[in-house]
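Chemist: Each chain is listed here by its residues.
Protein chains: 4
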Amino acid sequence: MTKSRAEAFSDGVFAVAATLLVFSLQVPNVNSNLGAALVNEWPSYAAYAISFLTIVVIWVNHHAVMDSLERLDRRLLFLNGLLLLTIAAIPFPTAVVAKYMQAGHDQTTAAVAYGLTMTAMSLAFTVMNLYSRRFRRAMAPLDWLGLLTGAFLWPLGTLLALVNFSLGLAVYAFIVVFYIVLPILRESAALAAARSEH
Amino acid sequence: MTKSRAEAFSDGVFAVAATLLVFSLQVPNVNSNLGAALVNEWPSYAAYAISFLTIVVIWVNHHAVMDSLERLDRRLLFLNGLLLLTIAAIPFPTAVVAKYMQAGHDQTTAAVAYGLTMTAMSLAFTVMNLYSRRFRRAMAPLDWLGLLTGAFLWPLGTLLALVNFSLGLAVYAFIVVFYIVLPILRESAALAAARSEH
Amino acid sequence: MTKSRAEAFSDGVFAVAATLLVFSLQVPNVNSNLGAALVNEWPSYAAYAISFLTIVVIWVNHHAVMDSLERLDRRLLFLNGLLLLTIAAIPFPTAVVAKYMQAGHDQTTAAVAYGLTMTAMSLAFTVMNLYSRRFRRAMAPLDWLGLLTGAFLWPLGTLLALVNFSLGLAVYAFIVVFYIVLPILRESAALAAARSEH
Amino acid sequence: MTKSRAEAFSDGVFAVAATLLVFSLQVPNVNSNLGAALVNEWPSYAAYAISFLTIVVIWVNHHAVMDSLERLDRRLLFLNGLLLLTIAAIPFPTAVVAKYMQAGHDQTTAAVAYGLTMTAMSLAFTVMNLYSRRFRRAMAPLDWLGLLTGAFLWPLGTLLALVNFSLGLAVYAFIVVFYIVLPILRESAALAAARSEH
Chain A
4 MTKSRAEAFS DGVFAVAATL LVFSLQVPNV NSNLGAALVN EWPSYAAYAI
54 SFLTIVVIWV NHHAVMDSLE RLDRRLLFLN GLLLLTIAAI PFPTAVVAKY
104 MQAGHDQTTA AVAYGLTMTA MSLAFTVMNL YSRRFRRAMA PLDWLGLLTG
154 AFLWPLGTLL ALVNFSLGLA VYAFIVVFYI VLPILRESAA LAAARSEH
Chain B
4 MTKSRAEAFS DGVFAVAATL LVFSLQVPNV NSNLGAALVN EWPSYAAYAI
54 SFLTIVVIWV NHHAVMDSLE RLDRRLLFLN GLLLLTIAAI PFPTAVVAKY
104 MQAGHDQTTA AVAYGLTMTA MSLAFTVMNL YSRRFRRAMA PLDWLGLLTG
154 AFLWPLGTLL ALVNFSLGLA VYAFIVVFYI VLPILRESAA LAAARSEH
Chain C
4 MTKSRAEAFS DGVFAVAATL LVFSLQVPNV NSNLGAALVN EWPSYAAYAI
54 SFLTIVVIWV NHHAVMDSLE RLDRRLLFLN GLLLLTIAAI PFPTAVVAKY
104 MQAGHDQTTA AVAYGLTMTA MSLAFTVMNL YSRRFRRAMA PLDWLGLLTG
154 AFLWPLGTLL ALVNFSLGLA VYAFIVVFYI VLPILRESAA LAAARSEH
Chain D
4 MTKSRAEAFS DGVFAVAATL LVFSLQVPNV NSNLGAALVN EWPSYAAYAI
54 SFLTIVVIWV NHHAVMDSLE RLDRRLLFLN GLLLLTIAAI PFPTAVVAKY
104 MQAGHDQTTA AVAYGLTMTA MSLAFTVMNL YSRRFRRAMA PLDWLGLLTG
154 AFLWPLGTLL ALVNFSLGLA VYAFIVVFYI VLPILRESAA LAAARSEH
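Chains as they are written, first to last, in my numbering: chain A, 4 to 201; chain B, 4 to 201; chain C, 4 to 201; chain D, 4 to 201.
Think of the hints as simulated: they come from the structure by calculation, not from any bench.
Think of the CB as a built atom: it goes at the ideal place given N, C-alpha and C, for glycine as much as any other residue.
Please note that a few of the clues may not be correct.
[Said to hold, decoys possible] Partial chain C-side listing against chain D, Cβ under 8 Å, derived:
# : residue
1 : VAL16
2 : LEU23
3 : ARG78
4 : GLY84
5 : PHE95
6 : TYR103
7 : ALA141
8 : PRO144
[To be verified] Listed below are several chain D residues computed to face chain A (Cβ distance under 10 Å; list not exhaustive):
#  : residue
9  : THR5
10 : ARG8
11 : PHE12
12 : VAL16
13 : ALA18
14 : PHE26
15 : SER27
16 : GLU44
17 : GLY84
18 : LEU88
19 : ALA92
20 : TYR103
21 : ALA113
22 : VAL115
Bound-form chain A, shown alone (with noise of 0.2 Å):
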């Protein structure tokens, strides 16, 4: 099995689940009044946006384990099956949440559910992650932060969504800048590091 074709296959998953999220936006009913029933929507573009990046930023972090290795296994691959599997379903609890954030009751529900979509996400990535190891190019040291907070933002974050739907919502968008700011100032400081050494 090359590496290729599976970065294709996921690429093409993570690409469609995340062009699908579309659909958690209601065209409004014909009877209704579009401005105010396209304001009134705002969750729904909240929900959309987070999901979105999130799949981004799992398709990079993916992209980032995919590249590092020197081969597959029959058990990698089906780990990655396993992954995809959940980033598929990403556009459904982004619909229920959009739906009964307007609905204005069940909203704990829906959040709930999101976030245990989410931790089974990063669930699946973390146990891909992990295993991935064996098939390393350069064993590097085991990035602990990026781990840790993998494996237990999403979890927290839903419990938290369990106490408060609108705390929950806020640290499931949190946990999205978090991931997209971090590697960008991790970045920054390595370049400056590396020009300082000149």
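Got chain A sorted already, so can you dock chains B, C and D onto it with the hints?
Modeler: Just chains B, C and D now, with coordinates in the frame of chain A:
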């Protein structure tokens, strides 16, 4: 006709079909109790997982077949098109099974429709697999076990679903697990044999 | 503009359009008798198969055209975009035909709408094909049979659908089979000729 | 992060978003007169064509930007993700415009929502384009015309839609045609200049 572009098109259909399965997960009606509705939807989650992993399994096997070929002809291209036609159809019986397991009637019909689609798919794969042997780089001995299970397991499950839909669905789940576990065991055995030779 | 990325984008549109055809298969309403409803839906299955195989056929021909080119210019890129616009639209008339064959009225309108979309598609392909000749590696003689059938078969089918919708649909099915069988026969003939020369 | 996999993911989102536009074409209700319903849906066809060709245009320009880069950093990857987020959203305002042009009310709101999405998209592209200049192989002079039109045409169209929705939609159509015709003219001029030098 280069192999690589046939693979790219096939990978695309596999990845999109797998990701479209998410539409068999119904966002509960806004008047329902969300928690209860999401729990009652468990047959949808099972159907989603079985179909997703089935597509992953066929994709892996499809890749192995394509990888072994030196070239393609027009007939093989058309047989591949027939296989993709059945792959792309999988979200339909998956949604039917998901809906009718919850509806509480016509479950046998739904389970049989699902099995018939999968039978058509495994038949298309078997025909393509056998025909493609003439273009193989190395003439490997026929994998009788793989061919027999590929050609007989899904029809068998469909027949059992006709008798008892729960039994049929259990067989469908077993087929997926079987196709995931068997290659892992074989790979481990081959690895152990290679090690003991040294 | 490199050819390979134009091919990747085109392959994506072909694969997604083909896979989206599954939405022309309607999951029967939960109050219906599932068995009867699935059987009555047979025009949907026929429409699905004809459209899927038509997209496969055009994809194969599109690949042959792209493969023969040394380079692209902006005009060709735009003509390719117009072709993809018609390809991506195919799920729409497919769903219309599937729905109205079952509705039992306006079948002629549905069949004509289907034929007009396919006519637009074959026209876009013919224009792109002719324009691309200036960028071909080797100036092959014009494939008059292919061009004529490409430009005239779909309009002919559409006209016949206007007279009698069943006849039109039969012609649509014939066109697909024709485009699958003809290249297989030609390939076999070329192979036989090559063999007799040795 | 290799450029090629970022391109593959981007191509996937572009291709899927373009193909999902087909869902802004509504299959008429089974009780309607199909011919009249299909004719009355003409604003849907116009919206479909404008959005499809807009995505093709941005895809071509996106490719030109990516092609000119030596490498990527994390910031650029994130800016690319923001651009893709706006691309993947395009089917939503397209469906809104298609529905409300036919509904006969709130057309201004629909046209403005469409223009705002396209403005966000062109803004994301402009930012990504400017930021990416530091990674270019050859430091080409800034394409002021392209940047200005990219940053100003869509907001201008949106403002005009606020005054008169028909005028706004006409400007949207003009923008697409402009972006298709301008590069063709430039290419022809460059070719003519190259010829006269010899």
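Chemist: With reference to the structure, classify each hint as holding or not holding.
Modeler: We went through each hint and held it up to the structure:
Below 8 Å, beta-carbon pairs count as interface contacts, and C/VAL16 has one with chain D at about 5 Å; its hint therefore holds. Using the Cβ-Cβ criterion of 8 Å, the hint placing C/LEU23 at the interface with chain D is satisfied: the shortest such distance is roughly 6 Å. Because the smallest distance between the Cβ of C/ARG78 and any Cβ of chain D comes to about 6 Å, under 8 Å, the interface hint for this residue holds. Below 8 Å, beta-carbon pairs count as interface contacts, and C/GLY84 has one with chain D at about 4 Å; its hint therefore holds.
With a cut of 8 Å, the hint placing C/PHE95 at the interface with chain D holds, because the nearest CB-to-CB distance is about 4 Å. Because the smallest distance between the Cβ of C/TYR103 and any Cβ of chain D comes to about 6 Å, under 8 Å, the interface hint for this residue holds. The interface hint given for C/ALA141 is violated, since its Cβ lies 23 Å from the closest Cβ of chain D, which is over the 8 Å cut-off. Contact between C/PRO144 and chain D, as hinted, is not supported at the beta carbon level, the nearest pair being about 27 Å apart and thus beyond 8 Å.
The interface hint given for D/THR5 holds, since its Cβ lies 7 Å from the closest Cβ of chain A, which is under the 10 Å cut-off. Below 10 Å, beta-carbon pairs count as interface contacts, and D/ARG8 has one with chain A at about 5 Å; its hint therefore holds. The criterion of a C-beta within 10 Å of any C-beta in chain A is met by D/PHE12, whose closest approach is roughly 5 Å, and the hint holds. Checking D/VAL16 against chain A by beta carbon gives a least distance of about 5 Å; that is within 10 Å, so the hint holds.
Taking 10 Å as the C-beta contact cut-off toward chain A, the hint placing D/ALA18 at the interface holds, the least distance being around 8 Å. Hint on D/PHE26 holds. Least Cβ distance to chain A is approximately 8 Å, under the 10 Å limit. Taking 10 Å as the C-beta cut-off, the interface hint given for D/SER27 holds, the closest approach to chain A being about 9 Å. About 14 Å separates the beta-carbon of D/GLU44 from the nearest beta-carbon of chain A, more than 10 Å, and the hint is not met.
A least Cβ separation of about 4 Å between D/GLY84 and chain A falls short of the 10 Å threshold, and the interface hint therefore holds. Contact between D/LEU88 and chain A, as hinted, is supported at the beta carbon level, the nearest pair being about 5 Å apart and thus within 10 Å. With its C-beta approaching chain A no nearer than about 6 Å, D/ALA92 sits inside the 10 Å limit, and its interface hint holds. For D/TYR103, the suggested interface contact is upheld, since its CB lies about 6 Å from the closest CB of chain A, less than 10 Å.
Given hint, D/ALA113 at the interface with chain A, holds; its Cβ is 6 Å from that chain's nearest Cβ, closer than 10 Å. Satisfaction of the interface hint for D/VAL115 is found here, the shortest Cβ-Cβ separation to chain A being roughly 9 Å, below the 10 Å cut-off.
Violated hints, listed in ascending order, are 7, 8 and 16; each of the other numbered hints is respected by the structure.
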